[in-house]
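Put together the whole structure using the sequences plus the hints.
The residues making up each chain are set out below.
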Amino acid sequence: MEDIIYKILGAILTIITAFVVGITYGGLTRKVIARVQNRVGPKFYQNFFDVLKLLSKRTAINHGVMQHFAPMFIFTSAVTVLMFIPILHDGLFFSNFSFHGDLIFLLYIMPFGPLGMALGAGQTGNPNSAIGVTRGLSQMVGFEIPFVLSLVALMVQFETTSVTEIVNIQVESGVWMIFSNPFAFLAALFAMFGMFRYAPFDIVGAPAELASGPASEFGGKYLAIMMSSSSIFTFAKLVLYVNLFFGGAENLVELLIKTFILYMVPVVYGLVSPRYRTEQSITYFWKWPLALGVIGMIWAII
Amino acid sequence: MVISPVHYIAVPLLAAFVIPLFAKLNREFVRIIPGIVLLYLSYVSIVLMNQVSSTGTISEVLAGWAPPFGINLVFSAFSGFLASLMTFMGLVIWIYSYRFKKIDDEPALKFYVLFLMLITGAIGIVLTGDIFNLFVFLEIVGISAYSLTSFYRNRDGAEAGFKYLLLGAFASTLILLGIILLYSSIGTLNMADIAQKSHLIPTSLKVSIFILFVVGFGIEAEMFPLNGWAPDAYSQAPGPVGAAFSGIAVKAGMYVIIRLIYTLFDIEGSFQFLIVMGLITTIIAEVSAMKQTNLKRMLAYSSIGQMGIVMVAFGIGTREAIIAGLFLMLNHAIIKGLLFLSSSYLVYNDDNKLISSLSGLGKRLPLVSFLFALGAFAIVGLPPFSGFWSRLYLLLAAADKELIYLIAIILIIAVIEIVYYFRVINKLYFKDIKVKSDDVQKPSINAVISMSILGILIIAIGIYPDLVTSYLGNAADALLDKAGYIENVLVDINN
Amino acid sequence: MNTYFVVLLILFGGAIISFAINKVSYLLSGIVAFIATASATVFFYLNVDTDNFVQFSLAGFDFQWGLNSLSLLFTYIVLGLGTLATLYSIQYMRFKNNLGYFYFNFLLGIGSMMGILFSQDFISFFIFWEIMTWSSYLIVVYNGNKTHKIGIKYMIFSGIGAYAMLMSIVMIYADVKSFLIADYIDYISQVGLSGHYLQIILLIVGFGVKSALMPLHVWAPKAYANSPMGYTSLFSGALSKMGVYGLSIVLLSLLTNFNTGENVSLGGLFEGINAEFIRIIVQWLGAITAVMGTLYALKQNDAKKLLAYSSIAQLGYIITGLAIGTELAVMGALFLAVLHAIFKGALFMAMGAVERQAGTTDMTKISGLVRKMPFTFIVTLMSIIALAGIPPLGGFVGKWLLYEGMITSGHYFLVVLIFFSSTAAFLYCYRILFGIFLGQEEKETINVREAPISMLIPMLLLAILTMVFGTYPGLLFEPIANAMSYIGYNDVVWEMSTISNVWGDKVSLDYVSLTIFTVFIVAMIFLTIKNYKGTRYVTTKDISTSGEMPTENENLTFQLNFFQPFERAVAPLYKRSMDKIYNTIGESLDALFNFVRTIYTGNGQTYALYVIVFLVIMLIFKDSIFN
Amino acid sequence: MDFGQYQNIVTISVYGSAIALILIGLYAVLIKKNLIKIVIGLSLADAGIHLLFVAIGYLKGGTAPIFSPSVVGENVTMVDPVPQALVLTAIVIGFAVTAVALSLVIRLYKHHNTARIDQIKSLKW
Amino acid sequence: MNIVKDKKSQHIVDYIKEFARKNSLFVMAYGTGCGAIEIPPTMTSRYDAERFGIRGAATPRQADVLLITGYLAVKTLKRVIRVYEQMQDPKYIIAFGSCTINGGMYFDSYNTINALDRYVPVDVYINGCMPRPEAVIEGFVALQEKIQRGDADNGKKYQENIDWYRENQMKVIKNWNMPDYNW
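Protein chains in written order, with my numbering: chain G, 1 to 302; chain F, 1001 to 1495; chain S, 2001 to 2627; chain X, 3001 to 3125; chain U, 4001 to 4183.
If you are wondering where the hints come from, they were derived from the structure by calculation, not from laboratory data. Even glycine gets a Cβ: it sits at the ideal position worked out from N, Cα and C. Any given hint might turn out to be false.
Between beta-carbon pairs, the in silico distance windows are [to be verified]:
(1) S:2576 to F:1482: 56 to 66 Å
(2) F:1367 to S:2149: 21 to 31 Å
(3) F:1464 to S:2510: 52 to 62 Å
(4) U:4132 to S:2573: 52 to 62 Å
(5) S:2444 to U:4164: 35 to 45 Å
(6) S:2554 to G:209: 13 to 23 Å
(7) U:4163 to S:2553: 26 to 36 Å
(8) F:1482 to S:2062: 24 to 34 Å
(9) S:2002 to F:1482: 44 to 54 Å
(10) F:1482 to S:2013: 44 to 54 Å
(11) S:2528 to U:4166: 24 to 34 Å
(12) S:2149 to X:3034: 42 to 52 Å
Heads up, simulated SDA-like pairs for lysine to any residue below, C-alpha to C-alpha not over 20 Å straight-line [said to hold, decoys possible]:
(13) U:4017 to G:20
(14) G:43 to U:4148
(15) F:1110 to F:1153
(16) X:3124 to S:2598
(17) S:2365 to S:2302
(18) X:3033 to F:1155
(19) S:2149 to F:1359
(20) U:4157 to G:59
(21) S:2533 to G:59
(22) F:1291 to S:2156
(23) U:4075 to S:2545
(24) S:2149 to F:1357
(25) S:2177 to F:1400
(26) G:31 to U:4047
(27) S:2541 to G:59
(28) X:3121 to F:1153
(29) S:2530 to U:4011
Structure below.
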């Protein structure tokens, strides 16, 4: 009984942490972008206001039941991913259910949210949303290939598919994956560009063309949940990357440092990039990232 | 009255010439007499087949001259099987044509005379033990067949008949030449005697004689380069005649080739020759059938193809293969019979017999179309219809001899058959109806009965092939037992 | 009377009765069909006994009927889906013609599939196989007119497959002198595989056609899409599984278990072929099938055709899994086989419901049906989630097992290929949901209503099954483990709701489901209660289009060229399709055949010349021909 | 009468004319386009065969194969009766075939208005 | 507008809400007149409105503030109404320049409206022709103060007085084919 309470408490704590960190990272990103553009920029906690404001909206419209469900799908997906990733190495509170899932499970639960989101976007009947969704899904096929290649390389190298095990092995041997198989890491890093959808891969939202794409009919509480979910999701993905390639983290500070550094890579890369066309952004991943992934795989097999 | 194989020849021949006399009394006799004759022959078949299975081959001497000098009839399990098959097919075709309108339009009298002569000739070929007699019967078959082919007095009928006649006359010339050479070298015409003495002929001459015979009878048996007449004749002859050709006439020609190879001559390489010729025949015929627009012509090519496969089966030469070959013959007779009979109602009013004119006929002529489809299913060898078993037997026999290429070719051909038969079925059932209901001819009750008999037989044999396999086994044994044949004809009767 | 005979008698008898009774009432024929399948199902499972073998002799061959644990697994698919599909068809086919014909072939199909599963010898296997083929052909062309080409294509490929199989069977008989499958397996285990590869390749071709393996798949999309949907659910769900059944015997019982250390080549054309080589080929073919099936699926505008291509892709996974042959992969493949029957059955039924209610499944013509047909939408949604392999529904389990089986046995690049396919599958999954149910509500579909209850019940049952198997796959693992013991995998370990691989990693599905459902429900409660009064539904015309109010006639539906950017990205893969290749072959053959038949010139004199030339040639070469 | 010295010449000429007839017949059938000529060719070939057959059955100095007491004596060589009997049959058959052929030719001519075989090809392929 | 604040806890919640609303303004810029050109400098480096939590929104569903930047033709008014009605409560309007107040230099044009207030409720007018970015930011700040005070809820006002607004709107818009505002 106590275990269960601990688990529940731990889960809630994890979600809150992820939310806070994710939202803060979002704010920091805006700040960084502003600084690069020679602006003052918003406060780093600006995104909290945004979420709060959206939650406090008095009305919310939806076009049908799927639009109502869509934020739940994405929230569920984000939280579930979080639950099955060990946030901290050997952490009591932050390990959650990470022993009950593995990488392939994570790979499959990750699209759960976007797909639900896509359904909601489809339900709205706004053509922009549907176009955004098709772009997003197409792009997902693009970056998934180098990503999977690098993950398979990882699994082969460590002979396990469990994230927890991968972290443990890295901690025990003291060699991070990024050093033992840099190619796989690079492939995964490229995949991450697509995953976070900063420029030049921001074809889904594409405010100038698609009026924020899938989210264009979402407002109020729906948008709030979506924003916070994607923050959680961002954090979860970062933690996953840290776990896989940076040997996990012993404590929160280490985790924050590692994740933040990692997070800044696509952000900074995006700052200096324009936007790709959709097919370019797909085929982008099938050139160098794919080659890197294959090299990484061969590296791992040898 | 003692039932003997002679009845097979005497009764229909007599009837054929008596019909015109009776016709003076009542026109209806013209139709009824052939039926009575065929029924009687069927009875004879049953009795004789039982007798054969209990006591062995029956040899009947004609005119009191003992073989090798006199003419004799041999009713073995093998020849008896074919004779019974022909009788049965004759009966079915008679039922079908009893009130076949198109024949009624023409003088029915001539039809039945010729038809009975055709049966007489074919059964004579199968039963006779004398090679010149065989030639005579072949000519009977030939002349009646030419006439039946051009039975409709239209343009194309005459053309087909003439082509058939041209090649048939050629065949008879060659066969006669062969007989001359044979007689000049061993001085006998009795088949058992020839079989006994054939080793005395110099090999080169023997082979030449064999070639002459094969080419001559090959014309009748639709062997490849010799079968130019067949598609025309099949497509232009009246529907029941097409069935009679495929079920009766061709079988006779095939029988002779089998006899030549198995009993009369003992020539090295003749089996392989048969396989190769069979394969070529099949391939060319099926390939030609593929693109036909004329339904009857398509069936004709298919028929040729089937005969090619029969040749292959007999070319393999093992007991299993012979069973397969006989089974194929049986199936070919009943299935192709059914196809010809039903198709002549499908293209009843279309002079060009175009497949495209069948469009949607399945709605207008449900039963006929169904039977046609059944026949098509059976002939491409789909279980649970009879065609499947014969093909299986053949393949097993081929596999036993490790003739893998043969299996492959036969099966590829089966795929081709699927293509063109299913094209027709699609036309029948799954296309819009083009024909007005007035334009189609509903089948008469007797036609339905005859086709149903064949259809039921196809399904029955398909579900329970043991119905016929025992007969086939006996027949195969009889064919393989060359010494027994000679002994039966020459020794038993002399005693 | 024996169980097997009774089951077949009920089914075939039911076929004939429902054919005959069609004249009385259109409903009755369907009801008879349903009663026949249902009673056959009930009777069969009451009397099921895997050790009961019946022997009899026909046409000089020994036949043996019985059940092994593998075929028992497949009977679940056939009878279960068959019963539901007949129930579904009663209403689905209500306004169609020729119902007797339809149900006759329907039941014949089910009966022959059961016959295939009962057959313990090759020859009755083949007989039932062919009956299944032509009965399904007759249903493929049921819709008439434009389907006839599809039907012929189907029949040609089935013919090629079946005759390849027949060829193999007769060769086996020549070797073993027995048609019993068990005898053949024994024989192979004694003498080894060398010299028998041709038989095995031919068997694989035979089964590959039915299970739509890559170069032999071209019949499938249109055949699936154009048969009545009630049957297609069975066609794609169960009938294709007969190919999988056969392949699992060939690939596993024969190839996997007896290729240890053996490397004898066949010589000649088949130089270098060994069991491992064949398996690798089949693996890659399966994976390529999966990829190409997916890529073509997402191009389609017709939902039925889309699903048909998706079926091909899914069968590709299954075949790859079987060909890999490790315990996990096989388990995953068999699991997917059952699951595919369930969700694809449900999907085709749902599409049938859409077709019946809205008149078409062309996604460019209809959209926004979700409010009109909510239950159909739910079924589609759940089945699609299962199809995409997203937890917590059943498809995930199969995919997980398959991937783990591949990774742990070292098929890394294959994994990537399969993964690519299943990621791209998300695209068409979304397409089908969006294209039919979401998006703008069109005025053409204003009067559409939900399908009748007797069509919904089977669909919903299947959808619920995907959910159950997603959390408790152990329910299905038990028969699968038994089945695997038949094909040589003893002591398969399984747990009720945990899946684990050989490296010791595991996924606890109950935790997964628990988490997902808890979070989802919490989120739902929160989101629904929050601002409950402020939450309003508006129509799909009320969207932000730069301040414009879209009128009735304005087209806001995005359907054509749905994944155009993606198609551009993978354009090189679309360049060459098997369809085109086969068309070229067909056209050349046509031309050749047309040329060949000009031999028959129509001139009697030419024919006479042939005779003489033939005679002369024979006489000249008589020494070389005879002797 | 003794034809002994001419025997070889007679034999050769009979055989030769038989073969010549056959060849002429074949020529007519294969080369001539006119239907009537083709039918004539067939008859010629038939006649050649018959002649050949009779010639084979002929024995040098043989008498007619009649078993009458007046003729039959010791060491009497008779011509083989079988070929003659067969040839008689064959002639009858050939006659019948020719009759049928001619009737068909007439009908063909009626329908096609020509007797050229290469123009009568409505059934082909 | 007076929001009833009878409980203290309710007061705190409201305070937080309004604080958040104040600090996060998603702007839907309706670039009608010459004022549209003033928006980019306001948002970018020189004046950087993002400091105040002001941010562009792509669609009315996500937006809080509707900027009407200049004169409104009758035709355009229809779209403005539509956009306004699609926004989620609470929602605000900032109107730019003289034209929105009294018609400005187009006061006697046959096809522009003179007083925007008659058709949609305006929270803040920024005067000038056109106002400079500094003025715009000042306007925003004014709006923020108004929000914090709690009397910037014109969405509710619009809803309550919908009949009056509709009447005015229909007076100028002849081909009225808008859907009903359903809350």
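Evaluated hints:
{"no.": "1", "hint": "S:2576 to F:1482: 56 to 66 Å", "result": "59 Å, holds"}
{"no.": "2", "hint": "F:1367 to S:2149: 21 to 31 Å", "result": "27 Å, holds"}
{"no.": "3", "hint": "F:1464 to S:2510: 52 to 62 Å", "result": "55 Å, holds"}
{"no.": "4", "hint": "U:4132 to S:2573: 52 to 62 Å", "result": "57 Å, holds"}
{"no.": "5", "hint": "S:2444 to U:4164: 35 to 45 Å", "result": "40 Å, holds"}
{"no.": "6", "hint": "S:2554 to G:209: 13 to 23 Å", "result": "20 Å, holds"}
{"no.": "7", "hint": "U:4163 to S:2553: 26 to 36 Å", "result": "31 Å, holds"}
{"no.": "8", "hint": "F:1482 to S:2062: 24 to 34 Å", "result": "32 Å, holds"}
{"no.": "9", "hint": "S:2002 to F:1482: 44 to 54 Å", "result": "46 Å, holds"}
{"no.": "10", "hint": "F:1482 to S:2013: 44 to 54 Å", "result": "49 Å, holds"}
{"no.": "11", "hint": "S:2528 to U:4166: 24 to 34 Å", "result": "32 Å, holds"}
{"no.": "12", "hint": "S:2149 to X:3034: 42 to 52 Å", "result": "47 Å, holds"}
{"no.": "13", "hint": "U:4017 to G:20", "result": "18 Å, holds"}
{"no.": "14", "hint": "G:43 to U:4148", "result": "19 Å, holds"}
{"no.": "15", "hint": "F:1110 to F:1153", "result": "13 Å, holds"}
{"no.": "16", "hint": "X:3124 to S:2598", "result": "8 Å, holds"}
{"no.": "17", "hint": "S:2365 to S:2302", "result": "9 Å, holds"}
{"no.": "18", "hint": "X:3033 to F:1155", "result": "19 Å, holds"}
{"no.": "19", "hint": "S:2149 to F:1359", "result": "14 Å, holds"}
{"no.": "20", "hint": "U:4157 to G:59", "result": "15 Å, holds"}
{"no.": "21", "hint": "S:2533 to G:59", "result": "8 Å, holds"}
{"no.": "22", "hint": "F:1291 to S:2156", "result": "16 Å, holds"}
{"no.": "23", "hint": "U:4075 to S:2545", "result": "16 Å, holds"}
{"no.": "24", "hint": "S:2149 to F:1357", "result": "18 Å, holds"}
{"no.": "25", "hint": "S:2177 to F:1400", "result": "9 Å, holds"}
{"no.": "26", "hint": "G:31 to U:4047", "result": "15 Å, holds"}
{"no.": "27", "hint": "S:2541 to G:59", "result": "19 Å, holds"}
{"no.": "28", "hint": "X:3121 to F:1153", "result": "17 Å, holds"}
{"no.": "29", "hint": "S:2530 to U:4011", "result": "19 Å, holds"}
When held up to the earlier numbered hints, the structure conflicts with none and fits them all.
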